[in-house]
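Visitor: Listed below are the residues making up each chain.
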Amino acid sequence: MSRTKKILLVILILFIGIQLIHPVRNISGQVSLNDISKTISIPENVRPLLRTACYDCHSDNTDYPWYATIQPVGWFLASHIKDGKKELNFSEFGSYSTRRQKSKLKSIASQINDGEMPLSSYTFIHRNAKLSKEQKAAIMDWAVKAEEGLE
Amino acid sequence: MKILFMAAIAVIGLSACNTNGNQSKENTAEAGDTALTQSGNSAIKSESSISEVVTAYLQLKNALVNDNSKEAATAGGDLQQAIEKTDTTSFSAEQQKVFSEVREDAKEHAEHIASNGSNIVHQREHFETLSQDLYDLVKVFPSSQTLYQTHCPMYNNNKGANWLSETKEIKNPYLGTKMLTCGEVKEEI
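If you read the protein sequences in the order shown, they are chains A and B.
Here the first sequence stands for residues 1 to 151, numbered as in this note's numbering.
Here the second sequence stands for residues 1 to 189, numbered as in this note's numbering.
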């Protein structure tokens, strides 16, 4: 075997090897009692947007795309979920203090305004999570109003 | 070679079916650190007032006034530490209540400011909410240093924002050197 072939073979074996290491899946299979929709009213046009664009990384239920089963894609997603849920978990939103809820709603509006969320590395492959200008405006409008409504 | 490729495809196929419905619950661990975690860093003198918190906040504010995101990040880290090591045992019941309410949120903002040393826009967003936390906090510590609650109506597309300052002279931490003197004192604390 030539040198390049050997290298390719090693890469292939490594690639096969890492397929066997699966991150734990983030699927609770139920709607949490602390889900944000139980504490804060979310208009019909905003709810599906949060589900498709944010819930994968910010809730207890990720809707895994098929390619998430291929490593290292799955690993990247798992690390995003871990960091994302630490920052904001829509499934646990109701358990936050009012101060923290307000603070998170404010962050939601500013993250979307700055174009930081959803993460661009995610929308790059997850095209349907990309938000249009109108969709962004709808989420920001909701978040700002919801924040003001909390006291 | 061909066999290897077949094996690769088989493994991918298998892994795709391997859906274990395990749920991870890392977020519950977070609540644990709200308890008094003074042990471990006994080398650092614990502080029985909020003066260190206020000092770090003001340092942060002044770094933002100077558009210095690196210094702001350092001050954010200091603030996070100051919040962590505050000893609340001598606080009144009301002070304890407000402190424990503010603690987690303020710490999180400080942490974000510390980790965004190259993104001053983001630091300022967190600084805004942090300023509200600090305001609520200093209100229940009337004997600490004199502070001025200051308001600038221009920040964030004219939504406006507040901050605490040690001086009456206006130096704006949101707009920085671009619009240094926007703002007016609303309250002396």
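Heads up, some of the hints might be wrong.
To be verified - Computed far set for chain A versus chain B, every beta-carbon distance over 10 Å:
no.	residue
1	40
2	51
3	80
4	97
5	106
6	110
7	114
8	120
Unchecked claim - Derived DEER-like restraints, expressed as beta-carbon distance ranges:
no.	chain 1	residue 1	chain 2	residue 2	range
9	B	181	A	63	29 to 37 Å
10	A	13	B	157	23 to 31 Å
11	A	95	B	92	26 to 34 Å
12	A	76	B	153	52 to 60 Å
13	A	45	B	170	38 to 46 Å
14	B	160	A	83	40 to 48 Å
15	A	79	B	139	36 to 44 Å
16	B	179	A	87	52 to 60 Å
17	A	6	B	121	29 to 37 Å
If you are wondering where the hints come from, they were derived from the structure by calculation, not from laboratory data.
In this text, a Cβ means the ideal position worked out from N, Cα and C, and glycines have one as well.
Visitor: Each of the hints needs a verdict: does it hold here or not?
Guide: Here is how each hint holds up against the structure:
1. 40: Its Cβ never comes within 10 Å of chain B, the nearest being 17 Å, so this holds.
2. 51: 18 Å, holds
3. 80: Label holds. Min Cβ-Cβ 13 Å, cutoff 10 Å.
4. 97: 6 Å, violated
5. 106: 6 Å, violated
6. 110: It is violated; residue 110 of chain A is separated from chain B by about 5 Å at its closest Cβ, not greater than 10 Å.
7. 114: 7 Å, violated
8. 120: 15 Å, holds
9. B:181 to A:63: 29 to 37 Å: 50 Å, violated
10. A:13 to B:157: 23 to 31 Å: The hinted range 23 to 31 Å is violated for residue 13 of chain A and residue 157 of chain B, with Cβ atoms some 55 Å apart.
11. A:95 to B:92: 26 to 34 Å: About 27 Å separates the Cβ atoms of residue 95 of chain A and residue 92 of chain B, which means 26 to 34 Å holds.
12. A:76 to B:153: 52 to 60 Å: 42 Å, violated
13. A:45 to B:170: 38 to 46 Å: 41 Å, holds
14. B:160 to A:83: 40 to 48 Å: 31 Å, violated
15. A:79 to B:139: 36 to 44 Å: With Cβ atoms ~40 Å apart, the hint holds.
16. B:179 to A:87: 52 to 60 Å: Between residue 179 of chain B and residue 87 of chain A, where Cβ atoms are some 30 Å apart, the hint is violated.
17. A:6 to B:121: 29 to 37 Å: 49 Å, violated
The earlier numbered hints that this structure contradicts are 4, 5, 6, 7, 9, 10, 12, 14, 16, 17.
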